[in-house]
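Both chains are sitting in their own frames, so use the hints and assemble them into the complex.
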Amino acid sequence: MKQRHLLGCRGAGGRRRFTTSVLAAAFAVAAAAPALATGAAGAAPRVHKGLKGTVLIGASVSLSGDFSATGTTTKEGYQVFQQWINTHGGMDGKKVVFKFLSDGSSPTQVTTNYQKLITVTHVNFVVGPYSTLLTKPASVVANRYGQALVEGIGGGPSVFAAGLHNVFDVSASAAYQGITYAKWIAKTYKPQPVAFAAITTPFSEPIVTGIRKYLLARHFTAPVFKVYPLETSDWTPIASAIEATHAKIVALATQPPDGNAFIQDFASAGYNPTTLFEVSGPDQGQGFVKAVGKQNTTGVMWPNTWYPGAAEGPVNKQMETIAEHMLHVKLSGLSANIAEAFSAAQVLAEAVNHVKSLTNAKVMSYLRKGHFTSVQGAVCFLPTGQNKCAQPFVFQWQHGNQVAVLPPTKPGVTKIMNPKPHWGQSKY
Amino acid sequence: MLVVQGIIDGILAGGLYALMGSGLTLVFGVMEVINFAQGIIVILGAYLTYVFATHIGVDPFVTLLITIPIMFALGYGVYMLLLRPIKRDRVIMSLLVMYAVAVVIEGCLDLVFGGTLVQVSTPYATSSIHVGSLVFPDIYLMAFGLSAVLLGVLYVILYRTKFGRSLRATTQNTTAAKLVGIDVDRVSATTLGIGVGLGAAGGMLYGMTASFNAASSYDLISRLLVIVILGGFGSVWGAMAAAIIMLVIEDVISVVWSPVWGQTIFYLVLAAVLLFRPQGLFGRRMARAQ
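One line per chain: the protein sequences are A and X, in this order. Each residue of the first sequence is one higher than the last, beginning at 1 in this note's numbering. Each residue of the second sequence is one higher than the last, beginning at 1001 in this note's numbering.
Not one of these hints is a red herring.
If you want the footprint, here are the derived chain X segments under chain A, 3+ residues with CB under 8 angstroms: (1) 1007–1021; (2) 1112–1123; (3) 1259–1268.
Source of the hints: derived by calculation from the structure; they are not laboratory data. The C-beta atom is built at its ideal place from N, Cα and C for all residues, glycine as well.
Here chain X stands alone, though its shape is the one from the complex (with noise of 0.2 angstroms):
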């Protein structure tokens, strides 16, 4: 039966990480641009969460309809101002400018919250449903629920609206997007707004989860990484399958074994992946034709 709860566990648990991946994999495949500041924007998602919920007194998920907004903004902005004017070198210096990003993002979080843990109190925190021995905590099936309906309409806007296939264009070959008139600069700045929208949503979720400060985006990119690597840079699936299967592997083995091996274990799984598919379980072959 612990294994049953571990691989529950890891499955909930996954779709959280897989929600907060989905925007670092989103940005990467439009724009090949590594969002090193992915993981402090879920923390700047928590924090506008924990204001809006604690001194507003706004439940955490209708917060989301002024949290996602305003990062979508920030997304869209940080694209036109910093990314957009540079012309060469662009992987590297946007992956540069993005570091710096979140290097100011954590200054100021520091600056206006200090270092204290704080976390997004709501009344279902502590509540579960109970089958027989298992236990499915509240807070995480909400969480589940809320990445699977918005990577549902991830799903939606990438394959059934103009603007999805814009992007899916863009994805494949910006050149010959920008040769048939889409714009690319707009596809770009939308999609950087989309992934840290999905970074709110997901910082709503982790600031429920889990005591957080500034620094806690260490972890959070480290961990990220992993994951949209195992799944293939730009693939969302791709990042929801690994997320699920890294929470999962680390999760049974930690409960039947030690959390300690469960990390070793599954950075094992993920070697042995790269070596027989190097671009991620669902990744584009990276491999260019010379």
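Okay, chain A solo, but in the shape it has when bound (with noise of 0.2 angstroms):
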């Protein structure tokens, strides 16, 4: 009776505060979540403003959204850089310390972030975010407040489209990362068919869109060009499309879920070009690895400006043996994206070192004339921001491992494999 007796009285009452302490509980955890997401994916230190002898810079990364996977390796880089130069001096004499923000793969997010990270946290620099869709917005913001925004992951068109001269990107540009795979490929094959899709990214789409531009101006012909939303979750009927024209020639621009399932695709259905280009993807390293399987990763090709091992200098070989041991994986299982991150911040120090000062206006004034070595190799900058000192190697998966294939003048590339094994019939 004595129970009957309480839910009577404070029945509703009661319920209606269980109820709202079960939404509110669940309301504090999930609020709590992408926090500690955030929180176990960097281990960058908290720091304040004011701190005396620290150069702050700030970063906003995605490590949810569409570019979580991209987005995690960025910020990878960034903190293998800050691991790196902290045991080489520093910037400027002073130790470096990142700060980090997610944006969820979100344009607005970023503004927001680089907005905090500029007018609240007050850090000295930033760098870009991944990708040309973020680094857009966040050179905007960079340019409102007067701040150099060197970056390594957002060399779409669009983004020097803006005319702003606060921008510069240490990697090549994505108009120019395709060329030298179109040259190969004009220099190698008769004009034939040759088979493209692209994904509707502002960076992807025009390393793929200058490479078809090439090849038809040489009388190549392209039965199939696919463009596809980055929404697409079901690759597959773009891939029938491709085998179906039976073309040796693919390119495909692509993110790594869309450059996985291709390969899937085409192997279920017995289909293998001679030679196979994504742009995104097979640069994902052990990522990439672990989607398609090693043994379909033999003479897959993509574009980029490093890979592991590269006969960089001293500096790659010192961020590849951090990376490794911070990471856990190993050399081959290393992102681009490490190197791309790393160079940014890399090239930035140079400048701040070479002026001796954090004042942004004096190193971006110097970041315009300056010639600077990256990992990535060599770095100077058009007026727009481009790098253009980079030469854009074509990379290569032979036998487990990632190589330089292209150009092959560079010294220190292997030779390239041509006609590619077909799928699951690679040794290692």
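See below:
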């Protein structure tokens, strides 16, 4: 009876309070989860503004959303740089600390993050996020506050079309990245059908569009050019359309999920092009191997400005060693994003150490006229921010290793494997 | 022939999406709860399969013997701990709770696995049956077969068991079901358990056909919701029909024209259907006598 009495008197209110408590608890955990995730993904120490003897560098990174895979490796690149620079004299003699904010792959959040980094956290410098999509709003915010934005993974034409003079892309720009491959195709193959497909991202699509334009001008044909939205999650029909052309040459502007899916679809259908070029996916190191299987990696090509074991000087070797220990991966498993992010911070550090100042205006002035050396190679900038000294490589998976195969004139490149072996028939 | 291949691709992929969407529509049918966590539940199922298949070496299909009970328990527990106590504004509050559950699971998956894309590797992931110039990927045939079997089992549970009668009675009228002695909470918890368990099976298949990370759930849930809306909330067969219709339309237009237009035209078809049947193809009429 006592229990019944309690329920009778307090039931409604009690239930309401209980419901409210359940919801409050659920949302408290929900709110905490992303923070927990962020905290786990990065080990950046908390730094308060005004900390003497420290150079604070801010970056927005995508730890969730569409770019979470590549956003994470971008962050790792900056973390590797932080460890490297602090054992090599720091920046302007000061210790370097990175401050990361997660953007969920959202351009809106990127804007908020860079504003917060500059106006609330008072970072000394900002470096770029992952992707052209996110670099564009980041560059606008940085420009508004007179800050340089040195970046290595946002080279789509739209970033430079804005005409801002605070953007410095240390990698090869998108429109230029595929040209080495296009030249090799034109030199190696007679004019014939080439199958193209491109995801509608501002960095990937221009690479393949550039290749297509170059080859069409040399009497190659394009029986299929499928452009698909970023939200696509079923790539089989696009693969079917490509397979139906029986083209020996296939060039795809991909992100990792679709790049991996195309390989699985092609292998499943027994369609084995002589040469397969994907913009992103194969560059993800061990992630690519895990996704498509070791036996299906050999022969796949992609553009980039760095590869594990690149003969680009002692800093590259030091970066690789730190990354291997920090991330617990083998050399061949290192993502190119690590080198791209590292390069951005490295060039920034070179400029700061040269001008011996943390003033953005002085650093930008030197960035515009200086020549730099990054783990990706030579860097010097056009007025619009592209790296005019970059020499884009084409890479290829060969027996479980990523090797540079083009341009053939570059020292240290390996002989290209052409034609690529049939799916599943590669040896290790 | 390309059109026929597009139809085949659409039907086979549609079976997979039907399985992933069936849990969502079943839960709504019984509890009138839009399970916003279904996308991440599918991804959780994919990760569980990945762990067992990669680290223990169990065949992905065999992992279902482990993952379905685990996921069933998760669904049952979520209902008992988080949904059952809600007595007021149940629909909207349940929706918010399931959204919170989704965010928590996503955060946990990010913590454990990071953002790196993974895929469940199997020897049969890249084999296929060729009939003339038509290609039937083994993995999609298996996915379609498993979907058919599991949806068949679901049919037997719904229409040939005492629990199924209780579930259908609850679907039709919760108050009347209580009056005739049905333990509605137990039925609801079991239904959410089944829905989440189906997510485990869908996740296993999804993980073998695509690379995924926790963020993949956003694209998934948006597509699953569209499937359930077109098929009609609460109708398992509607989900199956809608998934196949959606994928066939998208795939045929993608192969013969453009993937961009594939999605656009599907949404035009969806809008046209909803104009004439707001409850979806197989859904119950939602309008109530005032």
